[in-house]
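Go ahead and model the full structure; you've got the sequences and the hints to work with.
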Amino acid sequence: MVTARKIHFIGIVQGVGFRPYVKVLADKYGIKGYVRNMGGGEVEVFIEGDDGAVNEFIHEFMNNRPRAIYIEEYSITEDVPRGFSEFKILESSNNVEAISIIPPDLAICDECLREVLDPGNPRRYRYPFNSCSYCGPRFAVIDSLPYDRHNTSWASFKPCPYCQREYDNPVISGLRRYYYQGVSCGSCGPRLRLLTSDGEVIETRDPIKYVVKLIEEGSIVAIKGVGGYHISALATNDDVVLRLREKKRRPTQPFAVMALDIYVASKLVLINDRARDVLTSPQRPIVLLPKLPDSPVSKYVSPGLDKEGVFLPYTALHYLILMDTRDKFLVMTSGNIHDQPMCTDINCALRKLGKVVDYVLDHDLRIAHRVDDSVVRFTDGELVIIRRSRGYAPMWIKLPTKLRRPVIAFGADLQMAGAVAINDKVILTQYIGDLDYVETLDDLDKELRWFSRTYRIKDPVLVCDANPAYRSTWLCHRWAEELNAEVVSVYHHHAHALSVAADWNETDQFVAVTIDGVGYGVDGMAWGGEVLVVDGASFNRYGHLMYVPMPGGDLASLYPVRMVISYMSRFMGDEDVINYLRRLNLLRGLPNGEIEARVVLRQLGSSIMTSGVGRFLDAVSVLLGLSLRRTYEGEPAITLEAAARGGSLINGFKVSISRANKSLVIDTVSLFEQAMEAMLSGAKVSDIAYTTQYLLGRAFGEVACDAVREVGNRNVYVGGGAAVNDYVIGGLREELRRCNADIKLPRRVPPGDGGIALGQAYYLSHFL
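In case it helps, full-length UniProt numbering puts the sequence shown at residues 1 to 768.
There could be a bad hint or two in this list.
Ranges of calculated distance between the beta carbons of each label pair, as one might list FRET restraints [said to hold, decoys possible]: (1) N347 x T204: 18 to 24 Å; (2) V522 x E734: 27 to 33 Å; (3) E594 x L680: 17 to 23 Å; (4) Y437 x E594: 32 to 38 Å; (5) E73 x K684: 50 to 56 Å.
Only pairs whose alpha carbons sit at most 25 Å apart, straight line, appear in this in silico DMTMM-like list of lysine to aspartate or glutamate [as the list claims (entries may be wrong)]: (6) K684 x D306; (7) K744 x E506; (8) K328 x E111; (9) K352 x D239; (10) K209 x D362; (11) K88 x D27; (12) K744 x D424; (13) K328 x D239; (14) K398 x E72; (15) K158 x D143; (16) K291 x D261; (17) K654 x E673; (18) K352 x E203; (19) K213 x E246; (20) K28 x E78; (21) K458 x E486; (22) K28 x E60; (23) K32 x D79; (24) K352 x E200; (25) K398 x D742; (26) K328 x D206; (27) K654 x D667; (28) K267 x D306; (29) K291 x D327; (30) K267 x D238.
Quick caveat, the hints were computed from the structure, so don't treat them as lab data. Think of the CB as a built atom: it goes at the ideal place given N, C-alpha and C, for glycine as much as any other residue.
As structure tokens, then:
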């Protein structure tokens, strides 16, 4: 009996060898029909044939499909046989019957790497752009859906006759290049070229070997990758690293190190089985791992920190460069000027990086989307995403409830990402960065427009942070004027809480701990150390850190000595504060020294108040002499966490919790005072650092346990930029165990502002 069925697949189903696999499988079972890409990123399959063969086809596809194909949803409907004479791969359709996932960029697979290293394969031996259906650039090179060659950067490269035969015939290349849209080789693919920083082309037969020679001699080189340029240099030479820091205006922010393979990486950092799996995954993120004491990496690569950011090559180009170096590892940091967007084309590289680098290794595969390297770490044993970009974006997150109207979410301002949402899917952009620069704001605007166009967003509701001073809020309102659209504002820490809840599909009332630097609060103050009881679109502030002045607003985060003054002023007089600042040699942390300190003391009464965890950790870090000025986001708190490694709990410390205005208040002033007394009495810095952070976490746990007893939900959702701190989270987890509560950290989005847009979209799902 001949039967027919139409199947729609949603997931990562375009650009990953889906259609050729279906074609080969259909031919195997004698099935007729077609497969085609659709305009929303989905795939449509029509099959007809003997009923038994159709069922076997479906069973084998669902159980033995290639690893790169990810099916999230599918629908099978009975249809009428149409009398097809064969099974065909049809031209793609621009019709949208459903939306699907745009494939992320994936690291080079083992098969492609073997071809690159095989002298017996002349077409792909040492070919730096080798890829196949299961690996290589995807999102970074796509202009529009469906995912076909003419809609990508590969359109500029016509396949040679050999590549065309691979594309047309699965017998020649197997499934890896049959109908692969990016098929190419050394004869027809992109080309490398080497330039001086002045733009002069250097003629060489082998740009890779030439670049390695230059790097080995101490040169700094910009290298164009998948989603932008890296800046590369020797990681073992102090002088080279310091020169790079000076030129890049990045005095202390850590650089990442790319190592040839897991064996080389294991000589630099401590790698357990879980870390190994992440390092070698197709996503190939930068992983922050404990430094080895005998690591050959220069101490200036990540000064003052206990972790090194290490990752493995994700393109043939990276692998070939590292393979030819002496050390087998290099500094590989973002190709940008401090805090500005990463360069993606040669004009930007020469204009902005020309004063930083000595040479530029360029290629002519156009980058359609800027995609930074993703960054992850392990916090108290759990994998946490710090920066969600290459390899992860633009994978969507499914909401536990559906939206009745599309949503565009503008996120926050720091280390941010935006999002579009439709039905129950939230599609987060790649990491955008800090919106301090016009170029970054333009990047957010560009990407949100692209996603809105790609997913056919019509009549959206716009959602942004409640902070009226945020640049993302300004952009949101500009869009609202253009589209005549409704705008909804969400408080920062409510969005943090909802982001984690959405990641875990939480629909009931729950308790959240949101800990970060600062975020605009309901009372107009700078929140950042909160225990919330959240019930969908509403929340109650159950507890928080004690308010202290944040003198100068944002200046208090740039010059955290100001926060030391703020905390000291709560338990001693002005002259005593000045005397202790002199005694501890902290006045040098202010541009105008003692004069500025006295001005700060006079301003305390009129300063905005903060309950931010970040500002408290900053103050303790400065007190202990670990960090006097912030040169990158979170620096004082990060150095404090690093200093706690190997520390022990100091007996006698106590964190008081009291009730004020219907909320429980954690007394961080007393905790700071105890830290100061311990330091003056000669206690070890590592012990003070450990004790303050751990007990802070315990205090949050104590307040959260009280809330859990009232709410009944034993899951406590933890978000915010400080939710990556080992010792705060460790203390929080231990206290939650006492009330049989479970800590829930985000799994698929960053706990910081990179996940805010998800929370904003989830907020609207309770209305729309």
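A quick look at each hint next to the structure:
1. N347 x T204: 18 to 24 Å: holds, 22 Å
2. V522 x E734: 27 to 33 Å: Given range 27 to 33 Å: holds, Cβ gap about 30 Å.
3. E594 x L680: 17 to 23 Å: holds, 20 Å
4. Y437 x E594: 32 to 38 Å: Holds - the Cβ-Cβ distance for Y437 and E594, about 34 Å, lies within 32 to 38 Å.
5. E73 x K684: 50 to 56 Å: Once the Cβ atoms are compared, 55 Å apart, the range 50 to 56 Å for K684 and E73 holds.
6. K684 x D306: holds, 17 Å
7. K744 x E506: Satisfied, since the Cα-Cα distance of roughly 11 Å is no more than 25 Å.
8. K328 x E111: holds, 21 Å
9. K352 x D239: holds, 22 Å
10. K209 x D362: At roughly 14 Å apart (the allowed maximum being 25 Å), D362 and K209 satisfy the hint.
11. K88 x D27: Satisfied, since the Cα-Cα distance of roughly 10 Å is no more than 25 Å.
12. K744 x D424: Distance ~21 Å between K744 and D424 Cα, so the pair holds.
13. K328 x D239: Measuring from Cα to Cα gives roughly 19 Å; hence the hint holds.
14. K398 x E72: holds, 10 Å
15. K158 x D143: Since the Cα atoms of K158 and D143 sit roughly 17 Å apart, the hinted pair holds (cutoff 25 Å).
16. K291 x D261: holds, 17 Å
17. K654 x E673: holds, 11 Å
18. K352 x E203: It holds: about 23 Å lies between the C-alpha atoms, which stays within 25 Å.
19. K213 x E246: holds, 23 Å
20. K28 x E78: holds, 22 Å
21. K458 x E486: holds, 13 Å
22. K28 x E60: Holds: K28 and E60 sit about 11 Å apart, inside 25 Å.
23. K32 x D79: Roughly 13 Å between the alpha carbons, so the hint for K32 and D79 holds.
24. K352 x E200: holds, 16 Å
25. K398 x D742: Answer holds: K398 to D742 is near 22 Å, not above 25 Å.
26. K328 x D206: With Cα atoms ~19 Å apart, K328 and D206 stay inside 25 Å; holds.
27. K654 x D667: Roughly 10 Å separates the two Cα atoms, so the pair holds.
28. K267 x D306: Given that 25 Å is the threshold and the Cα spacing comes to 15 Å, the pair holds.
29. K291 x D327: Between K291 and D327 the Cα gap is close to 17 Å, so the pair holds against 25 Å.
30. K267 x D238: With Cα atoms ~18 Å apart, K267 and D238 stay inside 25 Å; holds.
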